Amino acid sequence: MPSEPDLVGTGPWPRVRAGLIALALAVHACAATPMPRPIKAEDARTATAVEEMKLWLDVLASVGISATSDQLLALVNAVGGACSTLKKSALAPFQPLLRITGTGQSWALFAYPDRYPNRLVVEVRQPGGQWETVFRGADPEHTFLAPQLTFRRIRGVYDTASSRGSPGKVYDRFADWVARQTLAAQPNATDVRIKMVQFHVDLPDDGPGEAEGGASSRSDEEKTRLVRLRSREQVER
Amino acid sequence: MSVRSPRQLWRDWVTLWSRTERPYTLALLRIVLAATVFADQLAILQLGLVEALWAPADVGGIGDPMGVVPPPLLYRLFAATTTTTWVAFGLWVASTLSFCLGLFTRASGLLMVLLYAQFALILPGGDRGIDMLLRNTLLVLALGASGAALSVDARRKTGSWLGDGAQVPAWPRYMLILQLIVVYFTAGVQKIGFAWLPVGHFSALYIVLQDPAVAKTAGMDLSAWYGLTQFSTATTLLWEWSAPLLGLAIYYRDTRDRPGRLRATFNRLDFRALWLLVGVLFHVGIHLTMRIGIFPFAMMALYLCAWHPDELVALVRRPGRARAA
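Chains as they are written, first to last, in my numbering: chain L, 102 to 338; chain A, 267 to 591.
No lab work stands behind these hints: they were computed from the structure. Accuracy of the hints is not assured; some may be wrong.
Computed footprint of chain L on chain A; a stretch qualifies when at least three of its residues, placed anywhere within it, have a C-beta under 8 Å from a C-beta of chain L [to be verified]:
| no. | segment |
| --- | --- |
| 1 | 306 to 315 |
| 2 | 318 to 326 |
| 3 | 468 to 480 |
| 4 | 547 to 553 |
Only part of the chain A face toward chain L is listed, based on derived beta-carbon distances under 10 Å [to be verified]:
| no. | residue |
| --- | --- |
| 5 | 283 |
| 6 | 284 |
| 7 | 349 |
| 8 | 352 |
| 9 | 394 |
| 10 | 401 |
| 11 | 425 |
| 12 | 450 |
| 13 | 452 |
| 14 | 505 |
If you're wondering where the values come from, they're calculated on a predicted model, not measured in any experiment. Ideal Cβ placement from N, Cα and C applies to all residues, glycine included.
Kindly produce the complete structure, drawing on both the sequences and the hints.
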């Protein structure tokens with residue numbers, strides 16, 4: 102491997118290219134720089150956010166700084182808002198190019214592991230009125246539509262939506278799509294119910310008050326949320 | 267050490283980005299990364315998800331492209347129908363395959379990236395981090411000379427699939443090395459959730475492996491493996507934070523004839539290979555325990571950028587001599 106570089110290009114091109122590369126690196130360095138962001142009030146109320154906030158308050162208290170969660174949230178939003186504005190302003194001239202090429206730098210991968218994950222459940226109502234589970238996340242007994250629902254792009258839709266304080270309209274359209282697929286495959290079913298079942302992940306070293314003796318991986322308490330009901334009439338309309 | 271003037275620094279900068287090398291690493295990256303995208307496209311087709319993911323909402327899509335401000339160019343230039351969706355998807359697949367084969371490499375690469383970006387705009391929730399990373403890298407490869415070897419273009423122009431051995435600009439490979447470092451390093455420094463830290467008992471991976479949306483292990487009692495998940499959490503964090511050392515290791519290999527004990531140590535240990543080996547173990551572990559599609563494969567494919575083309579040539583000619591190259 103040569104230590105002395107072979108060079109390419111003559112005339113102004115090498116300098117132009119080096120300048121363009123410097124500009125591209127500067128833009129992407131700005132996009133990649135991790136900065137705090139403001140937190141929406143509804144997102145601050147999610148179980149994970151509340152738990153993280155409590156832990157931060159405990160850490161601050163341990164070094165003699167006392168604050169309430171509202172005060173800390175206000176501080177995060179003030180700093181995060183300023184940083185976010187600064188970053189947006191710096192990137193604004195390049196945003197059209199980043200948008201058309203779909204490029205950027207955002208790599209917060211599993212930054213906040215969710216101790217309150219959601220399990221997607223799909224149920225159908227049979228003509229007799231009883232509900233029957235056809236899909237349940239990570240349950241080998243209920244796997245209808247599992248290849249599609251666990252595919253990374255579809256999973257991204259409902260997993261992202263359900264981890265927010267408000268899931269947005271995309272979750273409703275996802276429910277519409279699941280209902281169409283389910284009712285097409287279940288000609289006798291009258292309704293479809295799509296929901297998220299939220300549970301708490303207990304740690305083996307949690308205190309006795311937090312885990313069930315430390316032997317179980319999870320608490321038995323579950324919370325049903327984001328229920329969407331679709332009837333056959335609605336779907337066929 | 268003498269202080270360099272701004273003029274000298276600029277000259278160094280121009281020299282760095284004007285360096286050349288043989289095109290084999292770029293060509294291999296083009297093939298494996300485009301093949302990864304192609305595999306994802308086949309999965310989408312096989313699962314029957316083209317319309318669900320990218321058709322307009324009023325004809326059954328989960329996304330709402332016409333609600334985006336401004337709407338994606340695809341549905342501004344052409345009618346917002348499923349026909350447009352299918353034609354765009356077909357063009358995306360064809361351009362990906364064409365780029366992979368090195369047929370009209372630059373044009374097909376640019377078309378592939380632009381269509382990929384349109385699909386990201388239609389349903390942002392269905393576009394994951396790995397998709398953005400693939401667009402970043404594929405755009406660099408399309409703009410560089412990744413079609414100068416192992417391609418139909420090389421065969422047409424030189425009569426050989428390997429091309430004529432001419433040197434091509436090395437800057438795309440340098441940019442991909444930077445990209446790799448940025449991905450891991452910024453992912454590491456943003457892991458500030460308590461579960462990643464000692465105060466959270468390094469419980470992050472234990473928690474992630476219980477998530478039914480992503481984990482193959484969800485529903486299993488993992489308490490017997492807690493210690494291993496804690497060790498893996500701490501290792502992951504340290505490894506990601508150390509990503510800039512990969513850049514240093516590659517630089518030291520490139521300047522191996524210069525003095526310095528640290529340089530000599532890095533090269534003797536082959537720190538680059540060790541660091542990337544940890545990465546391979548990390549991604550194999552992710553693939554075995556989690557359901558996140560092409561992510562581990564695309565990341566590991568990108569590791570190729572850490573190898574100078576001369577090393578790849580040495581590896582093919584005399585595998586035993588590759589380390590010495």
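**Q.** Violations among the numbered hints
**A.** 4, 7, 8, 11 and 14
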